[in-house]
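Engineer: Chain by chain, the residues run as shown.
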Amino acid sequence: MASGQRGGGLRETLNDMLWLLPAPFLLILADRFGSLLSDHGFVAAVLGTAVLMAAGIWLRAIVRRRIFLAGALRGESPWYRRLRGGAGLALGSLLAAVPLAAILLVAVIRPTGSYLLVGLVVNVPVLVLLRQFWARRLEAHAVSRFQPVLALRLALAVNFLLLFPGLALAAMFQSYPDFGALTLTEAMLSEAGRQQAESGLLQGLMQLAAAKDALSWWLGQQMLPGAMQPGLQLAAWAVLLATNALVVWSYLMVCASVLTLRHWRSWHPGTGRS
Amino acid sequence: MTTQTTHHRFAGNVARLLVLLTGLGLLTALVIDQRLWERFLPADPGFGIVVDGRDLRVDAVAAEALAKQSAGRARLGSARADAMVQDLVAAELDALFDDLAARVPDYADWYFSLKGEYARLSMLIMQRTGLLGGDYLAERAVDLIFGGDALGDRLAGIEERAGTMLGVHAREQRAAWLAELLHLTEGRTLAESERAPVAVLVLDDLAAEFGGHGSSEFLVRLSASSAGAGAAGIAAPLLARLALRPAAAAAAGTALAAKSAGRGAARAGTAGASALGCAVAGPAALPCAVVVGGTAWVAADWALLSVDEWRHREALIADWEQRLTTLRAELEEALIEHYAQAIEAWRKGMETEVERTFSPLHAIRTTGPVGLRPLG
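If you read the protein sequences in the order shown, they are chains A and B. Residues 0 to 273 (numbering that gives the first Met the number 0) make up the first sequence, in order. Residues 0 to 375 (numbering that gives the first Met the number 0) make up the second sequence, in order.
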C-alpha cells in the first residue's frame, strides 16, 4: 500500500493531514468548552488524551525495542519474548502520557491569546511535510523497517524547533497585566484568582499554571539591575520555558500518535526473527 | 484504463486538498472569529460590560471571573494601602522623633542654666501670685523640644505625603484593575451578538470607587483630614498630656519650689558669709557687701546648679526620651488608626460596589445559565 511505500505519495500526505485535523479541532473545542467540564469530565478528557498519546508512544517504543532485540539477542532466547515490550512498556508510556495530557489540556483551556491554537492548526501540514521530507531523505540511509519511525522522530524534533520558538515569538506580542505595583505574591495570587472552571481539579491546575505565568511576567516587568539574584531569574525563566516546551511537545505527541496508529500496520517491524 | 485511473487519482487528490484547505481555514476561523461559534451553536448573548468608554460583551464565565477578580483587587488594594501607610508613618515618625530626641540635650542645657533657673523661679512666683497662668515649664519644654508650632507643620507634612501617596495608589489601583479587566476579557470577548445581552454591567461607578472617587469618598476623607481633623489634631491632646505628665527631674510647682527654697538657704548663707568680709572696708562696706554678696550668691547658685546638673541631667534626658518614645507610639497608633478607618471605608465601598455592580449575575444564576459559579 501507499502507506508502506517509502516517502509516500501526495495522496498519502493529504490523507495524513486530514487524519491530523481532528487533533487541533478537539483542542479548540477544549479551549471553548473545557472550563464547563465537571471533575469527571476533565479526568475523562485527560485520560482519553493520555491513552491516545500512550498508544503512539508505546508503539514507537516497541519498534525501537524490537530492533534493539533483533540486533542484541538470539531469536530463540526466552528474554527475547520477555523484553519485546508488553504491558510494562505500555504502563510506562501511559504514566508518561498522563502529565503531558494534563499540561496540554490545561494550557488550551486557560484563556490565552488565539496565537497558540492558530499555531497548532498551522502545524498540521508542517508536521506531515516534515515527515515526508525525512522519509525521503532517509530512504538511502536507514534500515527499511526502522525508517518510518526514525523519519517521524526527526520530523518531531525539527517541528519542535520550529513550533516552540514560533509560539514564544508570538507570545511576545501579546498584552499582559501590569504587575509593576504588586509584589510577587500579590501578582501570583491575582493571576491565580482569575482562573475559572466548573471542575475544582481543573481550576486548581489552571491556578498553578497561572501562578507560574504570573511569576514570569512579574520577573519580566521588575527586571531591574540588581533587583533580584540572576540565578533566581534564570531559574524562573527556565521553569517558564520548560513548561511551554512541554505544551508544545505534548501536542506533537498527540499528532505523532495519530500518525503512528494510522500507519501501524506498515510500520510494525514484525517479530524481528526473520 | 491507466489514464482513467490517473484521472481518478488526480480528482481524489484535488478533492482531498480542497477538504484539507477548507478544514484548515475553518479551524483557523473558529479560533480567530468568534462569530462563527454563534452561527454553529445556540448563541450566548453574554453580558455587556461598559467601562471607561468601552463597550464589551463577555460570556458568563468571564463575567463571573470579572466579579471575582474585582473583589480580589479590592482586598488586595486596601491591604496594600494599609501596608504602605504603615511603612510611611513609621519612617516619617522615626525621622521626626530622631530630630526631637536630638533637641532634648538643649532643653537640659536650658533647664540647668542660671537663666533657666531664674526664669522658672520668676514664673513660679508670678503663677503663685496670680500674675501669670499656665504651666511655664511645660510651655518651655514644648518650645525647646517640639519647636512650638513646628511640630504641627511637620505632622501636616507627614499627612500631606500620606494623602498624596494614597491618592497615587488609588489611581494605580484603578489603572491596574482596568488593565486586568481588559486582559481578562481579551481572550473571551464575544462577538457583538444581534441578541440583547443577558444584562449590561456598567462598571464606571466601580472604576470611580477603585480610583478613590466613589461613594466611600476615600480621597475626600484624606483631604478633609488634612484640613484639621488629621495628624495635628491627633497630636495636640497627646502633647498636652505628655507635658503635664509628672517626672522626677523635670518636676514643676512644689518640687521646684522646695528645691529652690533649699538652694536659697545655701545661697543666702554663702552670700552672707562673703559679705561679712567687707566689714573691714569701712565706708565702702555696703557697696562691697552688695557686690561681693551678689557675686557670691550667683556663684553659689551656679555651683549648686552644676551639682544638680551632674546629679540629674542624665535622668532628665532619659525621662524625656522615654516621654518621646511613648508619644511616638501613641501618635503612630493614632495616625495608623486614622488612616485604617479611611482605608477600611474605601475597602467596604469597593466591595459594596462590586456586589452591587455584579448583582445581575446573582439574580440570573437562579435561572441556571451555563457556566455560572457562586462568587468567592
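Where hints are given, some of them may not hold.
[To be verified] Computed footprint of chain A on chain B, listed as stretches where at least three residues anywhere in the stretch have a Cβ under 8 Å from a Cβ of chain A:
id, segment
1, 27-34
2, 49-56
3, 61-75
4, 172-178
Keep in mind the hints are simulated off the structure, nothing from the lab. Everything numeric in this text was worked out from a predicted model, so none of it was measured. Think of the CB as a built atom: it goes at the ideal place given N, C-alpha and C, for glycine as much as any other residue.
Engineer: Counting residues of the segment 61-75 of chain B whose CB is closer than 8 Å to a CB in chain A, do you get three or more?
Structural biologist: Our answer is that it holds, as 8 residues pass the Cβ test (under 8 Å) against chain A, meeting three.
Engineer: Is the listed coverage of the segment 172-178 of chain B by chain A valid when you require three or more residues with a beta carbon under 8 Å from a beta carbon of that chain?
Structural biologist: holds (count 3)
Engineer: Taking a Cβ-Cβ distance under 8 Å as contact, does the segment 49-56 of chain B have three or more residues in contact with chain A?
Structural biologist: violated (count 0)
Engineer: Tell me if chain A covers the segment 27-34 of chain B under the three-residue, 8 Å CB rule, please?
Structural biologist: Coverage by chain A holds here, the residue count being 4 at a Cβ distance below 8 Å.
The structure is inconsistent with hint 2 alone, although it conforms to all the rest.
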